[in-house]
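Chemist: Sequence:
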Amino acid sequence: MLTALVVVCYLITIAAVIDAVRRPSYAWVEADRNRAYWVSGLVFGLLFLPVGILLAIAYAVGVLPRMTESTGSDAFRRRP
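Take 0 as the starting number for the sequence shown in numbering that gives the first Met the number 0 and just add one per residue.
Derived by calculation from the structure, the hints in this document are not laboratory data. This one's a predicted model, so the numbers in the text were calculated from it and none came from an experiment. There's no promise every hint is true.
Said to hold, decoys possible - Derived CB-CB ranges, DEER-like:
#: 1; residue 1: Glu29; residue 2: Val5; range: 34 to 42 Å
#: 2; residue 1: Leu48; residue 2: Glu68; range: 28 to 36 Å
#: 3; residue 1: Tyr25; residue 2: Leu1; range: 38 to 46 Å
#: 4; residue 1: Val7; residue 2: Gly61; range: 19 to 27 Å
#: 5; residue 1: Arg21; residue 2: Leu48; range: 20 to 28 Å
#: 6; residue 1: Val50; residue 2: Val20; range: 13 to 21 Å
#: 7; residue 1: Ile11; residue 2: Arg65; range: 13 to 21 Å
#: 8; residue 1: Ile13; residue 2: Asn33; range: 17 to 25 Å
#: 9; residue 1: Leu4; residue 2: Tyr25; range: 30 to 38 Å
#: 10; residue 1: Arg65; residue 2: Leu1; range: 32 to 40 Å
#: 11; residue 1: Thr2; residue 2: Glu68; range: 33 to 41 Å
#: 12; residue 1: Ser24; residue 2: Val60; range: 20 to 28 Å
#: 13; residue 1: Ala57; residue 2: Leu4; range: 18 to 26 Å
#: 14; residue 1: Phe47; residue 2: Val20; range: 18 to 26 Å
Glycine residues also receive a C-beta, built at the ideal position from the N, C-alpha and C atoms.
Please model the complete structure; the sequences and the hints are all you need to start from.
Modeler: Dropping the structure here:
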């Protein structure tokens, strides 16, 4: 059971890293967030899982809503 919990925590953290890397630069600027801080923190969290899951939760609760409200529902769209 504990192994499954650890695997789920790693998957959540990896998903947060992938999402943070795929977001365009203008989405980070419009959301007034630092991309390097969040990506490096999430990658660091892969080494120390308790930190990683806390950062992934903070990313999902604090950063993602600001990105979607500042860039609209489709944050992966290209700007003209």
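Chemist: The structure should be examined with respect to each hint, and the outcome stated for every one.
Modeler: Evaluation of the provided hints:
In this structure the hint that glutamate 29 and valine 5 lie 34 to 42 Å apart at CB holds, the actual value being about 35 Å. Here the CB-CB span from leucine 48 to glutamate 68 is close to 30 Å, well matched to the stated 28 to 36 Å. Tyrosine 25 and leucine 1 have their C-beta atoms about 41 Å apart, which keeps the hinted 38 to 46 Å range intact. Here the CB-CB span from valine 7 to glycine 61 is close to 21 Å, well matched to the stated 19 to 27 Å.
Taking the beta carbon of each, arginine 21 and leucine 48 are about 22 Å apart, inside 20 to 28 Å as hinted. Take valine 50 and valine 20: their Cβ atoms lie about 18 Å apart, and the range 13 to 21 Å holds. Here the CB-CB span from isoleucine 11 to arginine 65 is close to 20 Å, well matched to the stated 13 to 21 Å. Evaluation of the 17 to 25 Å hint for isoleucine 13 and asparagine 33 yields a pass: the beta carbon distance comes to about 21 Å.
A beta carbon spacing of about 37 Å between leucine 4 and tyrosine 25 agrees with the range 30 to 38 Å that was offered as a hint. Separation of arginine 65 from leucine 1 is about 34 Å and conforms to the stated range, judged on CB atoms against 32 to 40 Å. With their beta carbons about 38 Å apart, threonine 2 and glutamate 68 fall inside the hinted range of 33 to 41 Å. Here the CB-CB span from serine 24 to valine 60 is close to 22 Å, well matched to the stated 20 to 28 Å.
A beta carbon spacing of about 19 Å between alanine 57 and leucine 4 agrees with the range 18 to 26 Å that was offered as a hint. At about 19 Å, the CB distance of phenylalanine 47 to valine 20 agrees with the hint of 18 to 26 Å.
When the structure is compared with the earlier hints, no violation turns up for any of them.
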